[in-house]
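Read top to bottom, the protein sequences are chains G, W, U and V.
My numbering puts the first sequence at residues 1 to 108.
My numbering puts the second sequence at residues 1 to 108.
My numbering puts the third sequence at residues 1 to 108.
My numbering puts the fourth sequence at residues 1 to 108.
If a hint is listed, it holds; no wrong ones were tucked in.
Where chains are identical, the list cannot tell them apart; a pair therefore holds if satisfied intra-copy or between any two copies.
EDC-like, lysine to aspartate or glutamate: derived pairs with alpha carbons at most 20 Å apart:
#1 LYS45 - GLU29
#2 LYS73 - ASP51
#3 LYS108 - ASP97
#4 LYS73 - ASP97
#5 LYS45 - ASP24
#6 LYS73 - ASP24
#7 LYS27 - GLU49
#8 LYS105 - ASP94
#9 LYS73 - GLU29
#10 LYS25 - GLU49
#11 LYS73 - GLU49
#12 LYS27 - ASP51
#13 LYS25 - ASP51
Derived by calculation from the structure, the hints in this document are not laboratory data.
Number of protein chains: 4
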Amino acid sequence: MDIMDDTAEPVHPHGDHRRSHHSDKFKSELITRLNRIEGQIRGIKGMIERDTYCDHVLNQISAAQAALNGVGKLLLAGHMRSCVVERIREGDPDVIDELLATVNKLLK
Amino acid sequence: MDIMDDTAEPVHPHGDHRRSHHSDKFKSELITRLNRIEGQIRGIKGMIERDTYCDHVLNQISAAQAALNGVGKLLLAGHMRSCVVERIREGDPDVIDELLATVNKLLK
Amino acid sequence: MDIMDDTAEPVHPHGDHRRSHHSDKFKSELITRLNRIEGQIRGIKGMIERDTYCDHVLNQISAAQAALNGVGKLLLAGHMRSCVVERIREGDPDVIDELLATVNKLLK
Amino acid sequence: MDIMDDTAEPVHPHGDHRRSHHSDKFKSELITRLNRIEGQIRGIKGMIERDTYCDHVLNQISAAQAALNGVGKLLLAGHMRSCVVERIREGDPDVIDELLATVNKLLK
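Chain G extracted, bound-state conformation (with noise of 0.2 Å):
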């Protein structure tokens, strides 16, 4: 379900046609944080296979949650500002559905 591979987009009802349109600027910086989240991932496993004391592993388990908590921030602003805004402008009733439901996620 939450699985996915690096090649295959998710179906959506209303938005598989969609595309975000953020700057060059917006995507090289979350591209830059989500390698350092990567690397965070890779650096946890190589804690676990040497044994490393555990409360140093759930320590950085805890930094890369802050650190895509912040990522999922910076994204729901940017789609906020642009797709949100111009769709409401455009009329369009379902929009606010999907942010809710979005946000509800993300809030957990």
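Chain G is already provided as a structure; the job is to place chains W, U and V on it using the hints.
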């Protein structure tokens, strides 16, 4: 601060001589989950590069957060059942403070 | 800072002249939930006064947190469906920043 | 399920005979914080009745959530320092499972 490479071990006042002692089965379960999370992070990067609609990307970020929470809970359980119980029985006075600091970080 | 009394209205640079315009049914749903949460908080106080075993009290705190999250999500939905959509249509430039600041606080 | 009145004690397979044994000072700190939270909840109800702009209400909900989290962390610390340590020393086999279930609820 939360940047880490694959080799350096964090320095910790009390704990840097400590090692975890999880079963191979438990370690392999953690590694499997972390591999999947690494794939999710790489997938999210690919989605941003291909301008996938942000709402889809945000949903993948929620899924990766949930998966990382799952690893955190699993490791916390393993930590408490082994190291924490053992150190309390040995009368180690620092273990509860260390555990509370770590749980509070996971609780954000 | 987060202390408030029952009468004072918060002062807000842009928003202190604004009013929400929810239906009586929606308001009554929110009030009912908040009454229940108030009862939960009072119940937790009573448990502490009677030296109830902490694990029970912690579970009641989790239940009250979940109930308060529920009110937050419900109100956020009402807010986005009414005020936010309306202000975006009116071309109000501040509404997204205000909403993002609020969602980020709810996301902690 | 999460509804409670002021008198009934929750029934718990292992723990209903247990009592917490916190100092009066600690209990009074918790009660003071819970009184403040009760006031916050009452304040939020009043805001909704007076049609206060939702964004202000959402910010007060975030503040009440943070205050309730604070009580949860404080009580968890008290619980771990006293009951949990004691029961581990007594060799009680259930204490860690109980604690993990509770921490996982607090972690959502």
